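So the protein sequences, as listed, match chains D and P. Count along the first sequence from 1, then add 31; that gives the number in our numbering. Count along the second sequence from 1, then add 407; that gives the number in our numbering.
Because the hints were derived from the structure by calculation, they are not lab data. A quick note: this is a predicted structure, and the numbers were derived from the prediction, not measured. Errors might be hidden in some of the hints.
Pair by pair, the computed Cβ-Cβ distance ranges are [to be verified]:
#1 P:E442 to D:T68: 42 to 48 Å
#2 D:L273 to P:A434: 50 to 56 Å
#3 D:L351 to P:G417: 40 to 46 Å
#4 P:A434 to D:G46: 44 to 50 Å
#5 D:L48 to P:T485: 52 to 58 Å
#6 P:G452 to D:G103: 42 to 48 Å
#7 P:A434 to D:R92: 32 to 38 Å
#8 P:S477 to D:S100: 47 to 53 Å
#9 D:D41 to P:T485: 52 to 58 Å
#10 P:E440 to D:F266: 55 to 61 Å
#11 P:A475 to D:G99: 29 to 35 Å
#12 P:T485 to D:V176: 48 to 54 Å
Away from chain D, derived, C-beta distances all over 10 Å, residues of chain P [as the list claims (entries may be wrong)]:
#13 K409
#14 K426
#15 K431
#16 L435
#17 V439
#18 E442
#19 K443
#20 M451
#21 R484
Partial pick of chain P residues on the chain D-facing surface, computed with a CB cut under 8 Å [to be verified]:
#22 S416
#23 V422
#24 A425
#25 M447
#26 G452
#27 Y453
#28 G454
#29 M456
#30 S457
#31 T458
#32 G471
#33 I473
#34 A475
#35 A476
Note that CB positions come from ideal geometry on N, CA and C, so glycine has one too.
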Amino acid sequence: MLALFTRLADWIAYGLLGLSAATKLGDAVHFFVEDVTKIFVLLIVIVFAIGWLRTMLTPSRVRRALAGSRRGPAYLLAGLLGAVTPFCSCSAVPLFIGLLEASVPMGVTMTFLITSPMVNEVAVVMLAALLGWKITTLYFVTGMVVGIAGGLAIDALGMERFVEDYVWKIRMGEVAETAADLSLKGRAAYGVAQVREIVGRVWLYVLIGIGIGAGLHGYVPAEFFARYAGPDNPFAVPFAVLVGIPLYSNAAGMIPIVDALLGKGLPVGTVLALMMSITAISAPELMILRKVLKVPMLAFFAGFLAVAFVGVGYFFNFVLE
Amino acid sequence: MKQIKVLGSGCKNCVTTAKLIEDKAKALGVAVEIEKVTDMAAIMGYGVMSTPGVVVDGKVVHAGGIPAASAIDQWLRT
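Build out the structure end to end from the sequences listed, making use of the hints.
Here's what the structure looks like:
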């Protein structure tokens, strides 16, 4: 089915624009057209379908599920809920407070906050469609493991003391349960609203990602990457993670870059480490979390994730060798 | 006069939501007083965990995402 987009790109780049497939420009334009059409069509279909199914999953339900679950299973549940809950970093603070206020342990709350931007249905479906199930499964499982390990570490170290004091004083009112319309029409309307909101939020990142991917694809020779970030360079993985820390993009925007880098022969571990680092830690997100977390906790959060992503990168480069 | 509060930390969606309600009220000729609530403790006090949230005359009618035009219409008419 995805070959359709390749043919469309063939037609536009080589037919309509008269570019040659052998030129750098032709190659880059082809990549750009193919990925723009493919990714946006996939994005819209996935978000609509998931919106349709997810009409029921509101933050208050997440809160109730986590508050009512025992400590051990709560970590796994937090990771899984993080994966299926739509997440906008502007909701991170109220959700964080809401979970702690419901006596959800700090570690479980952080597991949710780590997995939510990193692992989600958009990333999973797109990775699967473009790069195959093997990489997708690896990405999903390691994302979960890192999120759960991070939560457990934060819990073990008693990091509650680094939560801003005012957070503990907040008392939530009766949780507002706005009724969901579960009729066919209501679900469809919700799906459309989700598409508008999520696509409206991510389209620019996707476009920039595709632009960068197309540039890499057409203009940067494979030897460049082989020399600086290839399997023989032991520093490639930590370098990829460090580059990714301040940068932000969402999972959908990273897919074309991942696609292009793998095409240039970069090892899977290095590329996945870069993707995790860019989606899960970023300067804007740290600034948002600073409203509820003190600096030592933030430093630990970023440091732990960076080390974990380096570990993930080495692990896959080694395992998939 | 309807008292409407838009709950949110000041993100783009919250500003858009307030603007949508204001425009709709003007179009319908309904007198409203719109207040943006940005204080986190106050937002949580309404039991809202995903922003923007909308409170009409003290009752939470919406939480999370930009509300649909039909929903806004309904809040203002009733």
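Going down the list of hints, with the structure as the test:
Roughly 44 Å separates the CB atoms of P:E442 and D:T68, a value that falls within the hinted 42 to 48 Å. A beta carbon spacing of about 52 Å between D:L273 and P:A434 agrees with the range 50 to 56 Å that was offered as a hint. A hinted range of 40 to 46 Å holds for the C-beta pair D:L351 and P:G417, which are about 44 Å apart. Between P:A434 and D:G46 the CB atoms are about 47 Å apart, so this pair conforms to the stated range of 44 to 50 Å.
At about 55 Å, the beta-carbon gap between D:L48 and P:T485 stays in the expected band of 52 to 58 Å. Taking 42 to 48 Å as the suggested C-beta distance range, the pair P:G452 and D:G103 does not conform, at roughly 32 Å. The hinted range of 32 to 38 Å is satisfied by P:A434 and D:R92, whose Cβ atoms lie roughly 35 Å apart. Checked against the given bound of 47 to 53 Å, the beta carbons of P:S477 and D:S100, roughly 36 Å apart, lie outside it.
As the Cβ distance of D:D41 to P:T485 is approximately 55 Å, the hint placing it in 52 to 58 Å holds. The beta-carbon spacing between P:E440 and D:F266, approximately 60 Å, falls within the hinted interval of 55 to 61 Å. Judged by the Cβ atoms, the range 29 to 35 Å given for P:A475 and D:G99 holds: they are separated by roughly 31 Å. A hinted range of 48 to 54 Å holds for the C-beta pair P:T485 and D:V176, which are about 50 Å apart.
Every C-beta of chain D lies more than 10 Å from that of P:K409, the closest at about 18 Å, which supports listing it as non-interface. With a cut of 10 Å on Cβ distances, P:K426 stays outside the contact zone with chain D, its closest approach being about 15 Å. Once the 10 Å rule is applied to beta carbons, P:K431 is consistent with being away from chain D; the minimum gap is 16 Å. Against chain D, the non-interface label of P:L435 holds: every CB pair exceeds 10 Å, the least being about 21 Å.
Its beta-carbon lying about 19 Å from the closest one in chain D, P:V439 satisfies the requirement of being farther than 10 Å from that chain. Separation of P:E442 from chain D is adequate, the least Cβ-Cβ distance of about 17 Å exceeding the 10 Å criterion. For P:K443, the non-interface assignment is confirmed: its Cβ lies about 14 Å from the closest Cβ of chain D, beyond the 10 Å cut-off. P:M451, annotated as away from the interface, has a beta carbon of chain D within 10 Å; the closest lies near 5 Å.
Taking the minimum C-beta to C-beta distance to chain D, about 18 Å, the non-interface status of P:R484 holds against the 10 Å cut. Given the 8 Å rule on beta carbons, the hint for P:S416 holds: about 6 Å separates it from the nearest Cβ of chain D. Using the Cβ-Cβ criterion of 8 Å, the hint placing P:V422 at the interface with chain D is not satisfied: the shortest such distance is roughly 11 Å. Checking P:A425 against chain D: minimum C-beta separation of about 15 Å lies over 8 Å; hint violated.
Evaluation of the P:M447 hint against chain D yields a held restraint, the C-beta minimum of about 6 Å falling below 8 Å. Hint status for P:G452 relative to chain D: holds, with the closest Cβ pair at about 5 Å, below 8 Å. Hint status for P:Y453 relative to chain D: holds, with the closest Cβ pair at about 5 Å, below 8 Å. Restraint check, P:G454 versus chain D: the minimum CB separation of about 4 Å is within 8 Å; hint holds.
The criterion of a C-beta within 8 Å of any C-beta in chain D is met by P:M456, whose closest approach is roughly 4 Å, and the hint holds. Interface restraint check: P:S457 against chain D, minimum CB-CB distance 5 Å, threshold 8 Å, status holds. Hint status for P:T458 relative to chain D: holds, with the closest Cβ pair at about 6 Å, below 8 Å. The restraint placing P:G471 at the interface with chain D holds, with a minimum CB-CB distance near 7 Å, inside the 8 Å limit.
Taken as an interface hint, P:I473 checks out: its beta carbon lies about 6 Å from the nearest beta carbon of chain D, inside 8 Å. With a least beta-carbon distance of about 6 Å to chain D, the hint placing P:A475 at the interface is held under the 8 Å criterion. Here the hint on P:A476 is broken, as its CB sits about 10 Å from the closest CB of chain D, past 8 Å.
Hint check: violations occur at hints 6, 8, 20, 23, 24, 35; the rest are consistent with the structure.
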